[in-house]
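Listed in order, the protein sequences are those of chains A and B.
Going letter by letter, the first sequence gives residues 0 to 122 in numbering that gives the first Met the number 0.
Going letter by letter, the second sequence gives residues 0 to 122 in numbering that gives the first Met the number 0.
Keep in mind that the hints were calculated from the coordinates and are not lab data.
One should not assume that every hint holds.
As the list makes no split between identical chains, a pair holds if one copy fits it or if it spans any two.
To be verified - Below 20 Å or equal to it, Euclidean Cα-Cα: the simulated DMTMM-like pairs (lysine to aspartate or glutamate) are: (1) Lys33 x Glu110; (2) Lys39 x Glu26; (3) Lys76 x Asp14; (4) Lys39 x Glu62; (5) Lys78 x Glu21; (6) Lys78 x Glu26; (7) Lys33 x Glu83; (8) Lys39 x Asp12; (9) Lys76 x Glu16; (10) Lys33 x Glu84; (11) Lys78 x Glu62.
Number of protein chains: 2
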Amino acid sequence: MGSVHRFIGSGNDYDWEGVPAEIYEAEGVHGAIKRVLVGKPDGAPNFVMRYFQIEPGGHSRLERHTHEHGVIILQGKAKVQLNEEFVTLEPLDAVFVAGNDLHQFTNIADEPLGFICVITANI
Amino acid sequence: MGSVHRFIGSGNDYDWEGVPAEIYEAEGVHGAIKRVLVGKPDGAPNFVMRYFQIEPGGHSRLERHTHEHGVIILQGKAKVQLNEEFVTLEPLDAVFVAGNDLHQFTNIADEPLGFICVITANI
Numbered sequence: 000m001g002s003v004h005r006f007i008g009s010g011n012d013y014d015w016e017g018v019p020a021e022i023y024e025a026e027g028v029h030g031a032i033k034r035v036l037v038g039k040p041d042g043a044p045n046f047v048m049r050y051f052q053i054e055p056g057g058h059s060r061l062e063r064h065t066h067e068h069g070v071i072i073l074q075g076k077a078k079v080q081l082n083e084e085f086v087t088l089e090p091l092d093a094v095f096v097a098g099n100d101l102h103q104f105t106n107i108a109d110e111p112l113g114f115i116c117v118i119t120a121n122i
Numbered sequence: 000m001g002s003v004h005r006f007i008g009s010g011n012d013y014d015w016e017g018v019p020a021e022i023y024e025a026e027g028v029h030g031a032i033k034r035v036l037v038g039k040p041d042g043a044p045n046f047v048m049r050y051f052q053i054e055p056g057g058h059s060r061l062e063r064h065t066h067e068h069g070v071i072i073l074q075g076k077a078k079v080q081l082n083e084e085f086v087t088l089e090p091l092d093a094v095f096v097a098g099n100d101l102h103q104f105t106n107i108a109d110e111p112l113g114f115i116c117v118i119t120a121n122i
């Protein structure tokens, strides 16, 4: 049976009922969090829909892996690295990070960066 | 290699570069569209991230299938049916529709309803 995680955020601090904030760790990054909006805790077998929030000055890990990402920006402004390319992103821009792309999301504004990032559950 | 679909929407009419609008058909529904933000056209093997926009008075199909959905509301106001339960949804509310749940999203406002809906690519 499905379920709803109601949005209970305030201002730039996005939050959902029944969704714990997990610390997201990356080298040199503080105050970044991850929230699993739909995933294994709900019983979703195939994919995981996560929300990441990264404070000003922060970034995600610079990484490369075989599984792909589907991303949509919800708030703030980012620069994304895709191999040797860098693209500036604003709210509602959608990004496909292919498997084996070297990638990193960097907050380039003075407010939190928030985005949805989907991955397969089978990694 | 990954790619970016930049948001080029205007007002309530959400649109992205390089993402065609497909007619979404459901009994009695007109003017509903689907846009694949990340999926097979990008080369994503595991999941599909779609945007649905449903005009006032419209709804998605009432349906039941074995694969699950991960949904996040982007604009408007919805009522979702999950088996015998009905829940009102507002922007940024997240919904897990489990496999085999009877489900339907209905626009209950006077403006477009827009939401992200993720499914596995393996159906």
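Here is how each hint holds up against the structure:
Taking the shortest alpha-carbon separations for Lys33 and Glu110, only the intra-copy value of 17 Å comes in at or below 20 Å, while the best inter-copy value is 31 Å. In this homomeric assembly, Lys39 and Glu26 never come within 20 Å of each other (Cα to Cα): the closest approach is 26 Å inside a single copy and 33 Å across copies. For the homomeric pair Lys76 and Asp14, the shortest alpha-carbon distances inside one copy (19 Å) and between copies (19 Å) are both at most 20 Å. Neither within a single protomer nor between protomers do Lys39 and Glu62 lie at most 20 Å apart by alpha-carbon distance, with minima of 23 Å and 23 Å respectively.
With identical chains, the CA atoms of Lys78 and Glu21 are never at most 20 Å apart, being 23 Å at best within one copy and 30 Å at best between copies. In this assembly of identical chains, Lys78 and Glu26 lie within 20 Å of each other by CA distance solely inside one copy; the values are 17 Å within and 42 Å between copies. When the C-alpha separation of Lys33 and Glu83 is checked against a cutoff of 20 Å, the pair qualifies neither within a copy, at 26 Å, nor between copies, at 32 Å. In this assembly of identical chains, the alpha carbons of Lys39 and Asp12 never lie at most 20 Å apart, being 24 Å within a copy and 33 Å across copies at closest.
With identical chains, the CA atoms of Lys76 and Glu16 are at most 20 Å apart between copies only, with a shortest distance of 18 Å across copies and 25 Å within one. When the C-alpha separation of Lys33 and Glu84 is checked against a cutoff of 20 Å, the pair qualifies neither within a copy, at 25 Å, nor between copies, at 29 Å. Taking CA atoms no more than 20 Å apart as the test, Lys78 paired with Glu62 passes inside one copy only; the shortest distance there is 15 Å, against 39 Å between copies.
Violated hints for the displayed structure, listed by number in ascending order: 2, 4, 5, 7, 8, 10.
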